[in-house]
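Asks: Chains as they are written, first to last, in this note's numbering: chain A, 1493 to 1968; chain B, 18 to 496; chain C, 20 to 114.
What the hints contain is simulated information worked out from the structure, not anything from laboratory work.
If you're wondering where the values come from, they're calculated on a predicted model, not measured in any experiment.
Errors might be hidden in some of the hints.
Here's a subset of chain A near chain C, in silico, CB distances under 10 Å, partners left out [unchecked claim]: (1) G1747; (2) E1773; (3) T1775; (4) I1779; (5) N1934; (6) K1936.
Where a beta carbon is used, it is the ideal one built from N, C-alpha and C, also for glycine.
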Amino acid sequence: MTVGYEPVIGLEIHVQLSTRTKMFCGCRLSFGAAPNTHTCPVCLGLPGSLPVINERAVQSAIMIGLALGCEIAPRSLFHRKNYFYPDLPKGYQISQYDVPICSDGRLGDVRIHRAHLEEDAAKLTHLGESGRIHGAEASVVDFNRGGTPLVEIVTEPDLPSAEGAREWLILLRTTLRTLGVSDVDMSQGSLRCDANVSVRPAGSTALGTKTELKNMNSFKFVKDGIEAEIERQVGLLEAGREVVPETLHYDPRSGRISSLRSKEEAHDYRYFPEPDLVPLEATAAMIAAAREAIPELPAARAERYERELGLSADKAWELATRPERADYFEAALAADSAEAVALANWISQLVERIGPDADPAASRVTPAGLAALVGMVGARQVNQNAARDVLSMLVEDGGDPRAIVEREGLGAISAEDSGLAEVVARALAADPAAAAKVREGNDKAIGPLVGFVMRETKGRADGGEVRRLILEQVGG
Amino acid sequence: MSELIALSAAQAGKRVRAGEVSPAELFEAYRARAAAEELNAFTWVAEARPGAGAGDATAPLAGVPVAVKDLFCTEGVPSQAGSRILEGYRPPYSATVVAQLAAAGAPLLGKTNQDEFAMGSSNENSGYGPVLNPWDRGRVPGGSSGGSAAAVAAGLAPWAIGTDTGGSIRQPAALCGIVGLKPTYGACSRYGMIAFASSLDQAGPLTRDVTDAALLFSAMVGRDPRDSTSLAFPAPIAVPRRTDLKGVRLGVPEELTGSGSGVEAGVRSSFEATLALAEALGAEIEPCRLPHAPHALAAYYVIAPAEASANLARFDGVRYGLRVDGDGTLDTMYCRTRAAGFGPEVKRRIMLGTYALSSGYYDAYYSQAQKVRTKIAEDFAAAFAGFDFVVTPTSPWTAFPLGAKSEDPYAMYLNDFCTVPMPLAGIPAVSIPSGLSDGLPVGFQLAGPAFSENRLLDAAFALEQAIGFDLAPALGLGA
Amino acid sequence: MIDREQVLHVARLARLALSEEEVERMATELSDVLAQIEKIGELDLADVPPTSHVIDVVNALRPDEPHVSLPVEVALAAAPAPVAGGFGVPSPGDS
Ligand SMILES: [Mg+2]
Ligand SMILES: [Zn+2]
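Just chain A, same shape as in the assembly (with noise of 0.2 Å):
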């Protein structure tokens, strides 16, 4: 249905930053707190009250800015955005606006057109049929999440489909969680997306019509509202009718677009500048700071991991991006000889068995635990399907993987065991015809004589010493 158009996307990202305090006052940042709880006259919007700027938030901005490659504002400034709604206490937002604290940037493939400093606007509830004002019905606000600092990132419309765009936002995610400036955690509101959607024929460089999709909270509902949206623009093109400029919902449940209603008023902000803030300045010592708080982030992260390690580049970007992965890996490396690359394949067995979204660290096998056992089959002193078991066991049960292999009689019967190399004599007794085709240099015969052996051992025999053996004992 979409052949022949290509999306144009652009995301609003709204970061929720994890200071203790709120961006112009001292209220504690609440999560599930009462309603009301964390208020003060200042995010109450009461009369008299004035901003001040939190400078951990202002260090956080930096920060952001810093890993997105972004240009710091040795200067900028604070304007009023003004409307009226119930959940914006002073009826003004206190946001950034022509002189942004960041322009200029990019992640990965796209290119940040700026981000700026912000404050939260409040909860607002409806009470439905529960809650009536004078028979209508109501809405009751709670100002706790009022103020709570914001960083707004806004890209260019630089995002090639819908699942790039649910892509690229989990490396924004990653980035960001790796910064430690903020929860990112969608389904809680502390990171949120808009996406600007417009469509045009393949090959052309005009742009079409956009729309703006609002409020995706999870990673699938940014794609699936992206397609969504992309689908019906096309069709409306291909229907020989215009796309409207609008604001627009994607319900997930219906997978149905629909309207906001903008009630034919043009919003018209009269963003002036904030006389009760003065300018922001981001000094020398301000960027170095936020520099220095920079932990390694993913992109660097995965280049380290190949350049130093020998992960392949797959390997080193899966666990690179995801930073519970990559600490765990570091950990387990720190705590034992066992190889990089093997580790970094454990891992992924390891992620196999707790689940994807599974901080490993959170699991039951502890880093060193993974590294002994890793440096175990390094060693040859368990096999790779004896290990897979080993694993498994600690994942159930924790435990030390040396003392579980003990326990289970798991360890590996090696060369130097007199033992295995009288099981391979049994087997070639046991399968003269097969010792013969393998003298011959018929090296299929060779399975069913290991699988002999394999069977006497229990599996604890190495593969590889037992064919090593056959081949020795065969040529006499």
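Once you've looked at the hints, dock chains B and C with the ligands against the given chain A.
Replies: Coordinates of chains B and C with the ligands only, in the frame set by chain A:
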């Protein structure tokens, strides 16, 4: 009793400190007068002396009670900014300046009437009725700090604080025959002052004399971590002592005092007599230029309403104050609440400010006004290169009859012609009474560079001694 | 000059209900005031920077230290329509 009332605040404080008068006695003397007043100067009067701290005989302000303009938030005390939209509103916190005064030992006597949200020059825009001028009860006291000015002039309070945005301390001080200081922008915290125009608003003292002004001001200054635009005052505020003006260069700006200024004859002659006195004290007086000053009023009436239109958006019927529900929709609630709660002048300025900021008009109005502001600040800087102070009449005219200018908004705005340029430049200015014209006080204004308050008050003190203005008719203490 | 339509538009932005009589009066009064104000438009200030702050201060920042918030009953004390621990409002429409 009336002997106590006749004392200036500094004199009363001296008595308290010497143990000749108790803070309780002083407080009750004023409280009784304030409670019985007939000027409508107060919107609230304390029933008792506040405990803990305030009223300490050894503190810097030595238990001398203070009247506070309604718009200063005062914990648990009605703080309505002269507006019906805040009727009965008692904030859960106090303005920094109010807390500073209490900490300095000045107990809160009462809250004073004002033009609604400080928008006005006559006090007729109060939601709680006009204030009467103690010199002539048929006339206005000026505004917007009219209640504070009238209370001090009439001996209902030893001193008071107000706010000045375009002249709201100086003009009522002039019309009531007292001293009013508009400090350098940033000298006093704005935290807890219900905002009119944030980039212009400044708190300051209204007092019977210059010495009291310096004393009260000394307890008001200071950097407040809760006000990003506040600054540490570079020096302690000194008691003014200067008795001459030798070597002081006074610039008289043609633009604010010449024929185009609308200054009426009686005011002009008092102004000229004061210049002659200054010269006799040793001052050098020359004309100076403030080429953009005639445009200050227009710039002011863009910038102040624009900021006000945003500052007043919080009065929306949701968290405090008046609420008028209508047909059950949010928009109707907003529109009716604000229509019912704001008076005509406030509505006019909200409309003006909203218009000036609206799409398509920002550059022509707001941006242009900010550029005018730049030029005005440059004009003053140039003038101060050659002069210590710029002097003008405070108001082009004396107190006018109630209702005389209510029908013509722009005529009312012309009250601020001589006082508006200074806040646009953020510089301090003081108004002192220079005499009477037809039995009504005339104000003389001195303006200096930022943070020149000590010098400014010194010069004002010297002039004050030479002028010898007599406030007795307003104090009304009889013989 | 400001006409009736503009008055209504601005009143809408400012959420002010105006009576018919107020609309008429506002149009006249605002036009008179604007006529005075518009004179600044004649000044050639193209190269002049605008002043939004008269003070030369930057970076008035606050350490990220929590203060004690208001008790909820104090926060709600002046609320015209307290509901369920919050501030009751008529439900907004869709926008
Ligand atoms: Mg935003
Ligand atoms: Zn707060």
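Asks: So, as I understand it, the hint says E1773 of chain A touches chain C; can you test that by seeing if any CB pair is closer than 10 Å?
Replies: holds, 4 Å
Asks: Taking the closest Cβ pair, is G1747 of chain A under 10 Å from chain C?
Replies: At about 20 Å, which exceeds the 10 Å cut-off, the nearest Cβ of chain C leaves the hint on G1747 of chain A violated.
Asks: Closer than 10 Å between Cβ atoms is the bar; does T1775 of chain A clear it against chain C? Give me holds or violated.
Replies: holds, 8 Å
Asks: Return the status of the interface hint for N1934 of chain A: holds when the least beta-carbon distance to chain C is below 10 Å, violated otherwise.
Replies: This hint is violated: N1934 of chain A lies away from chain C, its Cβ roughly 75 Å from the closest one there, beyond 10 Å.
Asks: Per the CB criterion, is I1779 of chain A less than 10 Å away from chain C?
Replies: violated, 13 Å
Asks: Taking the least C-beta to C-beta distance, is K1936 of chain A closer than 10 Å to chain C?
Replies: This hint is violated: K1936 of chain A lies away from chain C, its Cβ roughly 70 Å from the closest one there, beyond 10 Å.
Hints 1, 4, 5, 6 from the list above are not met by this structure, while the remaining hints are.
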